[in-house]
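Enquirer: Single-letter residue listing:
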Amino acid sequence: MIELDGVAKFFGPTVAVENVSLNVAAGDFCVLLGPSGCGKSTVLRMVNAMIAPDRGRIVIGGVDIATLDPIKLRRGVGYCIQSVGLFPHWTVERNIAAVPRLLGWSRPRIAARMAEVVAAMQIDKALLPRYPRELSGGQQQRIGVARALAADPDIILMDEPFAALDPISRAALQDEMRRLHEVSGKTFLFVTHDINEALRLATRIVVMNKGRVAQAGTPADILMRPVDEFVRGFLGRDELPLRLLDLVEIRDRIAPLSHRPSTTAIGGNATLRAALNMMLDHHVSRLAVADETGRIVGEIGLADIVAGGAPQ
Amino acid sequence: MSARGTPFILDRVLLTLACAGVAAVALGGFVNHAANRLADGVALPLWRAPPGDQALIAGALAAMVAASCLSREKPRALAAIGAAFALFFGCLVASAHFADRLAEGAKPAARTSLGAAFWILIALAALCALNAAQRGRLPFALRVAIGAGFAAGFAALAQAGVFAQLALAREFAVHRAEFMVQLWRHMALVGASVAIALAISIPLTVLALHRAHWRGLLFATLGVVQTIPSIALFGVLIAPLAALAGRFPLLGAWGVGGTGAAPAIIALTLYSLGPLVRIFVTGFNEVSADVKDAARGIGFDGRRLFFAVEFPLALPALISGLRVVAIQAIGLATVAALIGAGGLGVFVFQGIGQYALDLVLLGAIPIILMALAADLVFSAGLSAARGKR
Ligand SMILES: Nc1ncnc2c1ncn2[C@@H]1O[C@H](COP(=O)(O)OP(=O)(O)O)[C@@H](O)[C@H]1O
Ligand SMILES: [Mg+2]
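Here the protein sequences come in this chain order: A and B.
Following the UniProt record's numbering, the residues of the first sequence are numbered contiguously, the last one being 312.
Following the UniProt record's numbering, the residues of the second sequence are numbered contiguously, the last one being 389.
Hints in this document: simulated from the structure, not taken from any laboratory.
No incorrect hints appear here.
Listed next, the stretches of chain B that the computed footprint assigns to chain A, with coverage defined by at least 3 CB atoms under 8 Å from CB atoms of chain A: (1) 293 to 304; (2) 309 to 323.
Counterexamples of contact, computed for chain A against chain B with all Cβ distances above 12 Å: (3) D5; (4) N19; (5) N23; (6) Q139; (7) I168; (8) Q174; (9) E176; (10) N196; (11) A216; (12) M224; (13) G233; (14) L247; (15) H282; (16) V297.
We put the CB at the ideal spot given by N, CA and C, even for glycine.
Bound conformation, chain A alone (with noise of 0.2 Å):
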């Protein structure tokens, strides 16, 4: 769906990106991660060709974006900034129908529109008549999310969207990012400095390192196999092996049932860092599995969990 072949970007002196090139699939969330002044937005920005890169190719649906109109390529992508950055002179309603307008469409077509959109990003019908300023922050990034998905548009370009909100706003908007790739299909390119955040939501992880890409993956790959102490270090050198078990499933370990099964059982598509939490809770070293069913189909033992090995 994205592809970048060897994209470059100098700002003077300074080398923002340097010969990245990346694979986006349709339907994937793909999160680019890394310190600040990696040269993520450079990407990002690049991708919605407000930046046009030094060298390399950038080509959306097969079409390299360098021959499309710029102006009309931003207005079928979506775009959601860290600031926000919503229109304090308009309603919020007239903020999120604001690219549909740009595209001329007919009065009930985007009434329609933006009565989807309300739905799904759960906005409360009494902010449409507000402005921004009487806004929080959680509520305002709300509405700039769905301003960016105001046009129903494929792809949806965030940068650090959720870095500035408090923890629960950011959570809950988390959660709705979830569920909307998960509905919708789209693809998503996210970027973000905060490991937590892409391990949530990415299906790829792309970590870049001073312009370059350090290593690309699935969030499991990039966890079990960091390429260089960089990605180690920005993956958080201690605690990977327990982010780790976030990401296995307990079917994918498990063993026989023993002649003396434990009496505590645990369904079989809990990660592994559930499955520790219970036997440290019921002061156990093994859990009985079950399936869907509750049908006790094997057991999983603390050796099990140590062991290791890649998840499916």
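Model the placement of chain B with the ligands on the given structure of chain A, informed by the hints.
Expert: Below, chain B with the ligands alone, put in the same frame as chain A:
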């Protein structure tokens, strides 16, 4: 004295104004009476005025004190405005009656002009009304209505000839035809120069916004103009314009010359340009970069970004820029009279030349009122442009 202080006085400003009014009446002359236009007069205090008028003014000051005791903001504001009304018209009527009485049996050349206490009381009435409008958060339409009430009352009294014996009114009666001419001329000088400055400031603002290296030079040049004293700038323009008119008789035929309206409008335009460009540039620069970035990112093209986002967000700054230069030009246009451009400054400088203070006031008072009116109009525009954002 109880520990709670003075529990009944809820607006100390009103009380202070009333006390200042009493002090002004006690210490200053309410009118001055002179044998003729040029002679020094004697100051006559308010208590020599007709008793009914004294009572009116005393009543207005007492009403001010009484209003300060009302506990709710809105009624207190309205009561204070009522008191200001009474004080304003009390002073006008009292001074007019006083002048009528002094004119009886005096020579026709004798003059009664307004004294210090009169002007202080008028200023106190204005402060009282402004304070009430602010603190009572009166809606804009009501403020305009109150202002119109003062103006209409004054116009009605003037029309009825109540002020006929006051020196200011007699100066007006003598100069009536010329007054109207110069009043319009003053407005024309201001209007023309602000309009020309606005037209020139637009390309200069664009230049300063898009060519950062020109901005410094531009601001420095316009800043230098601001530092030239107005009389000097008017004077400096006389020679080149006279030379120009000499070279090109057609220009002279259009009224361009070393003296007259042309140098005045050029000078006023130059004075307006600096603040205008500076405020315009600041206004556009202060439009949030995040908002512009988001707008570009979701597909606003340059033209829409300007008309739908940057211009409306900068509009309040643009209006306040116009307000500043309009009020400044109203004041500076006074000086234009010195180079033959006309305007209300004609009366001010004639009056100074003849040592006739009332003639000076005939020019100065409308200038002040014009500046206040401009302020009111631009404030209305400003609050409309800000909207609810
Ligand atoms: N418009 C610009 N002009 C000059 N330098 C820039 C510009 N945009 C980004 N940079 C530089 O490019 C590098 C990458 O920036 P950016 O893509 O914003 O990083 P990130 O989003 O990962 O924090 C930084 O060193 C930054 O200072
Ligand atoms: Mg960034």
